[in-house]
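Asks: Each chain, written out:
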Amino acid sequence: MTSFSLRSGSKELLWPTTACVVGILVLLPILAVFYLSLFPEENIWPHLFSTVLPAYINNTLILMLGVGVSSTLLGVGAAWLISSCDFAGRKIMNWALLLPFAVPAYVIAYVYTDLLEYAGPVQQFIRELGDWTSPKDYWFPNIRSMGGAITMMSLVLYPYIYLMAKTAFLEQSPSLFITSRSLGRSPWVSFFLVALPIARPAIIVGLSLVLMETLNDFGTVDYFAIRTLTAGLYDTWLNLSNIGGAAQIALVMLIFVVTLISAERYSRRKQKTYQNRQGSHGRERIKLKRKASIIAFAACLIPVTLGFIIPASLLTIYAINYFAVSWTPKFATHVFNSFSLSVTAALVTLAIGVVLAYAKRIDKSRLSIVMLRVSSLGYALPGAVLAIGVIIPLAATDNFIDDIFRDYFGLSTGLILSGSIFALIYAYSIRFLAVSSGAVESSLEKVTPNMDLVARSLGYTQSQTLLKVHLPIINKGLLTAVLVVFVDCMKELPATLILRPFNFETLATYVYQYASDELLEQSALAALIIVAVGIIPVILLSRTIDNK
Amino acid sequence: MISAKMKSLGALALLSAPLFVSAAEEVNVYSLRQPFLMQPLFDAFTKETNINVNVVFAKSGLAERLKREGKNSPADLVLTTDLGNLSEIQESGVTQGIKTDTLTTNIPSQYRDPNGEWYALTTRVRAIYASKERVPEGAITTYEDLAKPEWKGKICTRSGKHPYNVALIASMIAHHGEEKTESWLVALKSNLAQKPQGNDRAQVKAIKEGVCDLSLGNSYYYGNMLTDPEQSEWAAAVRITFPNQNDRGAHVNISGVALTKSSPNKANAIKLMEFLTDDMAQRMYSEQNYEYPVKPGVPASALVSSWGKFKADPLPLTEVEKHRAAAVKLVDKVNFDG
Numbered sequence: 001m002t003s004f005s006l007r008s009g010s011k012e013l014l015w016p017t018t019a020c021v022v023g024i025l026v027l028l029p030i031l032a033v034f035y036l037s038l039f040p041e042e043n044i045w046p047h048l049f050s051t052v053l054p055a056y057i058n059n060t061l062i063l064m065l066g067v068g069v070s071s072t073l074l075g076v077g078a079a080w081l082i083s084s085c086d087f088a089g090r091k092i093m094n095w096a097l098l099l100p101f102a103v104p105a106y107v108i109a110y111v112y113t114d115l116l117e118y119a120g121p122v123q124q125f126i127r128e129l130g131d132w133t134s135p136k137d138y139w140f141p142n143i144r145s146m147g148g149a150i151t152m153m154s155l156v157l158y159p160y161i162y163l164m165a166k167t168a169f170l171e172q173s174p175s176l177f178i179t180s181r182s183l184g185r186s187p188w189v190s191f192f193l194v195a196l197p198i199a200r201p202a203i204i205v206g207l208s209l210v211l212m213e214t215l216n217d218f219g220t221v222d223y224f225a226i227r228t229l230t231a232g233l234y235d236t237w238l239n240l241s242n243i244g245g246a247a248q249i250a251l252v253m254l255i256f257v258v259t260l261i262s263a264e265r266y267s268r269r270k271q272k273t274y275q276n277r278q279g280s281h282g283r284e285r286i287k288l289k290r291k292a293s294i295i296a297f298a299a300c301l302i303p304v305t306l307g308f309i310i311p312a313s314l315l316t317i318y319a320i321n322y323f324a325v326s327w328t329p330k331f332a333t334h335v336f337n338s339f340s341l342s343v344t345a346a347l348v349t350l351a352i353g354v355v356l357a358y359a360k361r362i363d364k365s366r367l368s369i370v371m372l373r374v375s376s377l378g379y380a381l382p383g384a385v386l387a388i389g390v391i392i393p394l395a396a397t398d399n400f401i402d403d404i405f406r407d408y409f410g411l412s413t414g415l416i417l418s419g420s421i422f423a424l425i426y427a428y429s430i431r432f433l434a435v436s437s438g439a440v441e442s443s444l445e446k447v448t449p450n451m452d453l454v455a456r457s458l459g460y461t462q463s464q465t466l467l468k469v470h471l472p473i474i475n476k477g478l479l480t481a482v483l484v485v486f487v488d489c490m491k492e493l494p495a496t497l498i499l500r501p502f503n504f505e506t507l508a509t510y511v512y513q514y515a516s517d518e519l520l521e522q523s524a525l526a527a528l529i530i531v532a533v534g535i536i537p538v539i540l541l542s543r544t545i546d547n548k
Numbered sequence: 001m002i003s004a005k006m007k008s009l010g011a012l013a014l015l016s017a018p019l020f021v022s023a024a025e026e027v028n029v030y031s032l033r034q035p036f037l038m039q040p041l042f043d044a045f046t047k048e049t050n051i052n053v054n055v056v057f058a059k060s061g062l063a064e065r066l067k068r069e070g071k072n073s074p075a076d077l078v079l080t081t082d083l084g085n086l087s088e089i090q091e092s093g094v095t096q097g098i099k100t101d102t103l104t105t106n107i108p109s110q111y112r113d114p115n116g117e118w119y120a121l122t123t124r125v126r127a128i129y130a131s132k133e134r135v136p137e138g139a140i141t142t143y144e145d146l147a148k149p150e151w152k153g154k155i156c157t158r159s160g161k162h163p164y165n166v167a168l169i170a171s172m173i174a175h176h177g178e179e180k181t182e183s184w185l186v187a188l189k190s191n192l193a194q195k196p197q198g199n200d201r202a203q204v205k206a207i208k209e210g211v212c213d214l215s216l217g218n219s220y221y222y223g224n225m226l227t228d229p230e231q232s233e234w235a236a237a238v239r240i241t242f243p244n245q246n247d248r249g250a251h252v253n254i255s256g257v258a259l260t261k262s263s264p265n266k267a268n269a270i271k272l273m274e275f276l277t278d279d280m281a282q283r284m285y286s287e288q289n290y291e292y293p294v295k296p297g298v299p300a301s302a303l304v305s306s307w308g309k310f311k312a313d314p315l316p317l318t319e320v321e322k323h324r325a326a327a328v329k330l331v332d333k334v335n336f337d338g
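Chains as they are written, first to last, in our numbering: chain S, 1 to 548; chain R, 1 to 338.
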């Protein structure tokens, strides 16, 4: 008995300490970007302020607002329909709504441009109808525009919010909603007054992921000729050879995101919602009548068609037409690389997320909270900037070890970490930690602290409480986190390009060598495989989440 | 105890693993050029020499990676797509000068660094593409002409920030000074049919569609398009024009190679450099990507030659390079992309 209490006593420090170590490892690359920002080649701001900065900021804000609003409407709306209504085709839509998630944003942008631009089939058809011969004869919305960019990005980003919101709705104890209904509130009022506020933390996690992704996207906005802050960043880095200045722009973007998220957290600082039991067992879905059922189905079908069916069909047509140039016997290797890397990174990222979120839960010290918050910053940095942040500490460690071995053993160890698979997994984990720690934290928040008290009073250590009590309760949140990180890793491009080992291709880098030259047709097959390999686990996992 | 020993042994084995990997002959390349362009050349090199070529391709960030990896960097060579990124790598101090008889004979002095810190491998012209249908031959002959009011709403181009356009603008600054270049750029912007967007090929497509009549684009894209089943009709709609043939000559940029300071396989790296500057590789560049060989006496491919001879601006590219930052800022100042 004595030894037992001693052990559990020493473990009180285990979680905060582990969290600190992990947190510092995660922070290193972000600190490296701070470090870079201290040494700009020249002060870039006077030039930017006096020229393009106002326009860049303006474009960035409009883009974020547009994508934020439309993907929230799509994501929350779809999640609510699926989790609380019964209609024909609901089961299919439940997972089909996730499909657009596997389509990289630059791919959907490319496909729709091909379809809707002047030379595309849609406008050709319109010209034939109206007997027109030049672009001046009729009006057609320009796909390469702000509206186009907002539409494209919302179509592939809304699944973040859909997934998070749906999980939150399913985790809600149905008794709350039933109580509200029995008190005479209509389903709509109950939704806005009961279900939505409880799901808010999860929806915000999804929304902040969407906004960060929008903020640091370069491929899509560049293709659509929308100059955002990211354009200014790349310009400063590549054209003015001023990586310090570029790091400063990245930090300004980061501060912007942090302020936004903190403001939201502050606004619900007094709001706490717990539940004692998991899930939707016994939940009564509202049975929709025939007409409403058709409308619900159609509403879900729109994002699925636009975000997945159309782009996937076009990719298939390209892949068939260009099969001879797109097929390479190395595809099996590319698939293996992408898949194994993404699975590993997703599991590592989940583990780190659990450590940080759980340490914050049991420790509640300022340090643990700060660790959890700052470790999510990697998502707000553009991938290429984060890659440079990863290289700096890794290469420094390698060279340090090498120096020691040279001095003491007369041996050179060369580079061990840089340019290895480890560097890629490290980068992915940092980049996507916000996804896993956010999902885990928002799920943990809903587990009442009574659970901890009961478990501890039954003699469980903190670690046992986590493994035997919390993780089983929040398994939906955990699966959601793994799934999102997995798909994100499959699509990850800028950091992979810079950090990868020699002769190492993922499906995304393979697609990029053509897509970077606007030759997507040549790599449509690989793009299709990204979508396929990314989507099968998503469907399987999402069914597991629902059946639990 | 034993397990602790085993662990440290294991760790040591892991650390020293790179030392004992059998040294198959190899050379490591950081490439800013796309793999599908370079692979046939590397394959030919491996076939001839039995030296394997390992590649990492990325369009940005490799210079920074090289710098941070420092003396232990595995990279031997860096391949780039224009002089801008070549000189950026040189300036960050991670290249070394190398001169061999083969290299200095193959590459004329204006196409290499005086100390051998970089060598050009191919050249390409920043050409003007003109609609065959709507622009009579000889109606436009210089870059300066693009600013004439008669072309209002008739010109298409990619972003002014793209390295190819930046280099052209920098060359304008080198010849005319910043002030005159600014007014040229303002006038050019006011002639644009649409906001700068897409790549060089997309502009030619826009001419075919009737969106505009003139565009700026690298010469090799003409070859790429002519030989692509879908794009050949875009190319068929335009005529390639080499600008400024009656005065200073057309603006030419290079793709090139540099040897890293840390190069662990230096002998093999030099072999690859020499190979890329020699007849076979130079011909392959022209046959497969429609660029101009830099080695004197190596003819361009039949298709490339069919576009006619041209006079290149003799101003050294290193002079152009000095105005790169000014050019980038000018693009912002006149809000060219806005």
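Possibly wrong hints are sitting among the right ones.
Unchecked claim - Once the Cα atoms are required to be at most 20 Å apart in a straight line, the calculated EDC-like pairs of lysine to aspartate or glutamate come out as:
no., chain 1, residue 1, chain 2, residue 2
1, R, K71, S, E518
2, R, K195, S, D222
3, S, K136, R, D313
4, R, K67, S, D137
5, R, K189, S, E42
6, R, K261, S, E42
7, R, K47, R, E274
8, R, K322, S, E41
9, R, K271, R, E133
10, R, K329, S, D402
11, R, K333, S, D407
12, R, K195, S, D402
13, R, K152, S, D222
14, R, K329, S, D407
15, S, K330, R, D43
Claimed, not checked - One side of the interface only, derived from the structure: several residues of chain R facing chain S at Cβ under 8 Å:
no., residue
16, N50
17, E64
18, E69
19, G138
20, T141
21, K322
Please keep in mind that the hints were generated in silico from the structure rather than gathered at the bench. Beta carbons: idealized from backbone N, C-alpha and C, even for Gly.
Asks: Each hint needs a verdict: does it hold in this structure or not?
Replies: Going down the list of hints, with the structure as the test:
no. : hint               : result
1   : R:K71 with S:E518  : violated, 36 Å
2   : R:K195 with S:D222 : holds, 12 Å
3   : S:K136 with R:D313 : violated, 39 Å
4   : R:K67 with S:D137  : violated, 55 Å
5   : R:K189 with S:E42  : violated, 28 Å
6   : R:K261 with S:E42  : violated, 26 Å
7   : R:K47 with R:E274  : holds, 15 Å
8   : R:K322 with S:E41  : holds, 15 Å
9   : R:K271 with R:E133 : violated, 48 Å
10  : R:K329 with S:D402 : violated, 42 Å
11  : R:K333 with S:D407 : violated, 53 Å
12  : R:K195 with S:D402 : violated, 51 Å
13  : R:K152 with S:D222 : violated, 25 Å
14  : R:K329 with S:D407 : violated, 47 Å
15  : S:K330 with R:D43  : holds, 16 Å
16  : N50                : violated, 17 Å
17  : E64                : holds, 5 Å
18  : E69                : holds, 5 Å
19  : G138               : violated, 25 Å
20  : T141               : violated, 27 Å
21  : K322               : violated, 13 Å
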